[in-house]
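Chemist: Sequence:
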Amino acid sequence: MANADLVSIAGLEKSFGAVRALDGVDLVIPQGQCVGVVGHNGAGKSTLMHVLTGGVRPDKGRLVVGGVALEALDPVQAKVLGVRCVFQELSLCPNLTVAENTRIFHRKLTGFGWRRRSGRLLSATLDQVFPGHDIRADDLVADLSIGRRQMVEIARAFTVTDTPARLVILDEPTSSLDERTADQLIAYIRSATAAALSCVLISHILGEVLKACDRIAVMRDGKVVLEDEAGRFDRARLIGAMGGVKEKAAAGAARAEAGEIALRLRPARQRDGAEVSARRGEIVGLAGLAGHGQTDLLIAAFDAAQRPRRGVEVNAPVAFVAGDRQSDGVFNQWSISENIGVRSFAQLATGGLLSATRERAFAERWRERIRIRTPDVANPILSLSGGNQQKALFARALGSDAGIVLMDDPMRGVDYGTKLEVYDLVREEAARGRCFLWYSTETEELQICDRVYVFREGAVVAHLTRDELSEERLIHASFEDAS
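Counting in the working numbering, the final residue of the sequence shown is number 503, and the numbers go up one at a time with none missing.
Take these hints with a grain of salt, some might be off.
With a Cα cut of at most 27 Å, we get these calculated BS3-like pairs of lysine-lysine [what the hints assert, rightly or not]: (1) K99 with K128; (2) K99 with K80; (3) K439 with K243.
Simulated restraints on C-beta separations [as the list claims (entries may be wrong)]: (4) E249 with C113: 34 to 42 Å; (5) N335 with G152: 15 to 23 Å; (6) H496 with R284: 21 to 29 Å; (7) P184 with A398: 21 to 29 Å; (8) V100 with E33: 54 to 62 Å; (9) E492 with E388: 37 to 45 Å; (10) E448 with R252: 31 to 39 Å; (11) G133 with R252: 34 to 42 Å.
No lab work stands behind these hints: they were computed from the structure.
Quick reminder that beta carbons are idealized off the backbone N, C-alpha and C, glycines included.
Build the full structure now, drawing on both the sequences and the hints.
Modeler: See below:
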């Protein structure tokens, strides 16, 4: 017997000025199923989810949720109808604790002992979704890594008090999670949908979509261009439907021998004298479970480039590509061109003053090269989708004079086609002598690297060449003493 439809969308349209974000979207979300929504950045995925959660009012179309026909939803209606969403840009209040953030989500948690009840509610859900987590209810959100913040936000969406949870939308939920934690989430999605909850999963990690979903809808240019049972898809069919991107071998062609040392430092908790080093022309990966010292090492290298530190050797200018773009990457009040050019003032100046003409031309070149989807680089950076904002951060780093590029899990919310293009850019720049130190939670990205250091509890526990790298070896090193 077919599942009843929880959500039915027909002919949905939405424009933002001259940009048509949704162009007649038709989509059905059955009860008790997970529907995957995939497509390149700017395809309309996030706009569609904002319509479903009441944040955006459509210009045209029909929307039925739980048997209720609506012209549009507002956020209060969406919550009453049981629609929850974990957006790509996380919404936790950093100055509040985990328990206090849960209270914001559930207005009925009031009266004496509300903090204790709120903390217990979220902790119980965290235990179900992410077994073995080390997050406490009284942790201040600002003190959590971005991966742990993402875990809290995901778990909060699945908690229930006075209002039901009937549809949970997950927009790039694993973008800051390591593979083990992402697998835990996928397993929970499967068990939750088996218990009649509906989910929508938006992800650029195609393997996760294929594993987690019952049905998959492919979006392109504001439309659903293909929808089918997940079992009828493979990676090739998904990529073809999204617009066709030719897959390439992850490792790419061999490069010339690496040059002299560009960067050398020791992790803060290293006890055996082991160092992390990278040479000019090398791509060096940092791996291991999220939050085990990889980001700390990148920050130490960045700081040492500004202010010399004992025991840290940095022999070239440094650029940093942040994974947490909202906290550490984009300047929210600036334009796209200003965000791209901020690392390159020296080459954009005329007579000691920044040239707006040069800045715009510089941004236009990178808009074309990295395919940032915008009609005008003078538009605000926040007019871009999350993935296109991340492209702007790559443009900022690669357009600069930096000989060393530090990358802190930078592919958050970036579509598969763009990933392949970035991989090529990184290879090209390495071949020209640039050095890359790349923390990633994705094994596929690490396979691009010449060497990989695996971290556990703030120290390097394994050093693998590209030929030695495998998912099994990474998991073993992340949990067991390296031999």
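Chemist: Each hint should be assessed against the structure and marked as holding or not.
Modeler: Evaluation of the provided hints:
no.: 1; hint: K99 with K128; in the structure: 13 Å, holds
no.: 2; hint: K99 with K80; in the structure: 22 Å, holds
no.: 3; hint: K439 with K243; in the structure: 22 Å, holds
no.: 4; hint: E249 with C113: 34 to 42 Å; in the structure: 40 Å, holds
no.: 5; hint: N335 with G152: 15 to 23 Å; in the structure: 40 Å, violated
no.: 6; hint: H496 with R284: 21 to 29 Å; in the structure: 27 Å, holds
no.: 7; hint: P184 with A398: 21 to 29 Å; in the structure: 45 Å, violated
no.: 8; hint: V100 with E33: 54 to 62 Å; in the structure: 25 Å, violated
no.: 9; hint: E492 with E388: 37 to 45 Å; in the structure: 41 Å, holds
no.: 10; hint: E448 with R252: 31 to 39 Å; in the structure: 37 Å, holds
no.: 11; hint: G133 with R252: 34 to 42 Å; in the structure: 51 Å, violated
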